[in-house]
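Using the sequences plus the hints, can you model the full thing?
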Amino acid sequence: MNKNDFICEKVTNDNLNLAISIQNTIFPNENGALNLKASADKNFIEEVYGKDYRKSVDFWICKDERGKPIGITGIYSYVEYLGDAWCGWFGIVPDMQGKGYGRKLFSWTMEKAKEMGFDNFRLYTDLEDNNIAAGLYRKFGMIEESYEAEDMGDEKIVIFSKSLISENAEKFGYKNLFLKKQGEIQKRANEKFQYEK
Numbered sequence: 001m002n003k004n005d006f007i008c009e010k011v012t013n014d015n016l017n018l019a020i021s022i023q024n025t026i027f028p029n030e031n032g033a034l035n036l037k038a039s040a041d042k043n044f045i046e047e048v049y050g051k052d053y054r055k056s057v058d059f060w061i062c063k064d065e066r067g068k069p070i071g072i073t074g075i076y077s078y079v080e081y082l083g084d085a086w087c088g089w090f091g092i093v094p095d096m097q098g099k100g101y102g103r104k105l106f107s108w109t110m111e112k113a114k115e116m117g118f119d120n121f122r123l124y125t126d127l128e129d130n131n132i133a134a135g136l137y138r139k140f141g142m143i144e145e146s147y148e149a150e151d152m153g154d155e156k157i158v159i160f161s162k163s164l165i166s167e168n169a170e171k172f173g174y175k176n177l178f179l180k181k182q183g184e185i186q187k188r189a190n191e192k193f194q195y196e197k
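Numbering-wise (this note's numbering), the sequence shown opens with residue 1 and increments by one.
Treat the hints with care, since some could be wrong.
[To be verified] Here are the simulated DSSO-like cross-link-like pairs (lysine-lysine), alpha carbons at most 30 Å apart as the crow flies:
| # | residue 1 | residue 2 |
| --- | --- | --- |
| 1 | K139 | K171 |
| 2 | K171 | K156 |
| 3 | K55 | K171 |
| 4 | K175 | K139 |
| 5 | K63 | K104 |
| 6 | K42 | K175 |
| 7 | K112 | K156 |
| 8 | K112 | K99 |
| 9 | K114 | K42 |
| 10 | K112 | K63 |
| 11 | K114 | K156 |
| 12 | K171 | K114 |
| 13 | K162 | K63 |
| 14 | K114 | K99 |
| 15 | K112 | K68 |
| 16 | K162 | K99 |
| 17 | K112 | K139 |
| 18 | K171 | K112 |
| 19 | K10 | K99 |
| 20 | K10 | K162 |
| 21 | K175 | K114 |
| 22 | K55 | K139 |
| 23 | K10 | K55 |
| 24 | K112 | K10 |
| 25 | K10 | K104 |
| 26 | K42 | K10 |
| 27 | K10 | K68 |
| 28 | K104 | K156 |
| 29 | K139 | K114 |
| 30 | K175 | K162 |
By construction, these hints were calculated from the structure, which means they are not laboratory data.
This is the structure we're talking about:
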């Protein structure tokens, strides 16, 4: 097997704690536990996000051929923007970075979004914190734009977009992503889910 081969397992209640641990290892200052719980238990989506906010939420744990976790990735969609797949909590654990897994996992995630029937693949990030990842997104031909629909304070949020059905991607435009609401979800996760670092 090629050293960059991997498998992706959907996050379920059986592997939820592992998913939370991986997410926390990659993003130690952010808590995605409730997002991951909503992926494992679809009945939990409305409790986490509220009514008419997220249409779907799916996350995958990614492991190498020996079963060692290498990262996590996710796809979610907003009720308002049904044609758009949003990449969430995409990342590679630190000791597996620099081995080509990021490129392969990102490609896998885009293919999965296309397989799920989405027209566009999008993500948002803070360029200051994720400059290396932003370089990867650009290599995949994603276009970028500043996110200005909400006042995010000092954060410089950028949206990356790529069409899954044509050569030309459309920018997301001046639409709301409800990122402040995501911040509230992370605060609730800190209260509900405690895990060892």
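Tested hints:
A hinted pair counts as satisfied when its Cα atoms are at most 30 Å apart, and K139 with K171 qualifies at roughly 17 Å. Restraint check for K171 and K156: the C-alpha separation of about 17 Å stays at or below 30 Å, so the hint holds. Annotation: proposed proximity of K55 to K171 holds, straight-line Cα distance about 21 Å (limit 30 Å). A distance of roughly 25 Å separates the Cα atoms of K175 and K139; the hinted pair therefore holds under the 30 Å criterion.
Proximity of K63 to K104 is assessed by CA-CA distance (about 12 Å); at most 30 Å being required, the pair is judged to hold. A threshold of 30 Å between alpha carbons decides the hint, and for K42 with K175 the separation of about 26 Å falls inside it, so the pair holds. Restraint check for K112 and K156: the C-alpha separation of about 28 Å stays at or below 30 Å, so the hint holds. With a C-alpha separation of about 22 Å, the suggested pair K112 and K99 falls inside the 30 Å cut-off, and the hint holds.
For the proposed pair K114 and K42, the alpha carbon gap of about 21 Å is at most 30 Å, so the pair holds. Distance restraint check for K112 and K63: the Cα-Cα separation of roughly 16 Å lies within the 30 Å cut-off, and the hinted pair is therefore satisfied. With a C-alpha separation of about 28 Å, the suggested pair K114 and K156 falls inside the 30 Å cut-off, and the hint holds. Of the pairs offered as hints, the one joining K171 and K114 holds, with about 18 Å between alpha carbons and a cut-off of 30 Å not exceeded.
Between K162 and K63 the CA atoms are separated by roughly 26 Å; this keeps the pair inside 30 Å, and the hint holds. A threshold of 30 Å between alpha carbons decides the hint, and for K114 with K99 the separation of about 25 Å falls inside it, so the pair holds. Annotation: proposed proximity of K112 to K68 holds, straight-line Cα distance about 22 Å (limit 30 Å). In summary, the hint linking K162 to K99 is supported, as the alpha carbons are separated by about 24 Å, within the 30 Å threshold.
For the suggested pair K112 and K139, the alpha carbons sit about 19 Å apart, so the restraint of at most 30 Å is met. Using a Cα cut-off of 30 Å, the hinted pair K171 and K112 holds, with the two alpha carbons roughly 21 Å apart. For the hint pairing K10 with K99, the CA-to-CA distance comes to about 23 Å; that is within 30 Å, so the pair holds. With a C-alpha separation of about 24 Å, the suggested pair K10 and K162 falls inside the 30 Å cut-off, and the hint holds.
With a C-alpha separation of about 22 Å, the suggested pair K175 and K114 falls inside the 30 Å cut-off, and the hint holds. Pair hint K55 plus K139 holds up; C-alpha atoms about 29 Å apart against a cutoff of 30 Å. For the proposed pair K10 and K55, the alpha carbon gap of about 17 Å is at most 30 Å, so the pair holds. Straight-line distance between C-alpha atoms of K112 and K10 comes to about 12 Å, which keeps the hinted pair within the 30 Å bound.
A threshold of 30 Å between alpha carbons decides the hint, and for K10 with K104 the separation of about 17 Å falls inside it, so the pair holds. Among the hinted pairs, K42 with K10 is consistent with the structure: their alpha-carbon atoms are about 13 Å apart, no more than 30 Å. Straight-line distance between C-alpha atoms of K10 and K68 comes to about 15 Å, which keeps the hinted pair within the 30 Å bound. Note on K104 and K156: the hinted pairing holds, with a Cα-Cα distance of about 27 Å set against a maximum of 30 Å.
A hinted pair counts as satisfied when its Cα atoms are at most 30 Å apart, and K139 with K114 qualifies at roughly 19 Å. Note on K175 and K162: the hinted pairing holds, with a Cα-Cα distance of about 17 Å set against a maximum of 30 Å.
Every hint from the earlier list agrees with this structure, and none is contradicted.
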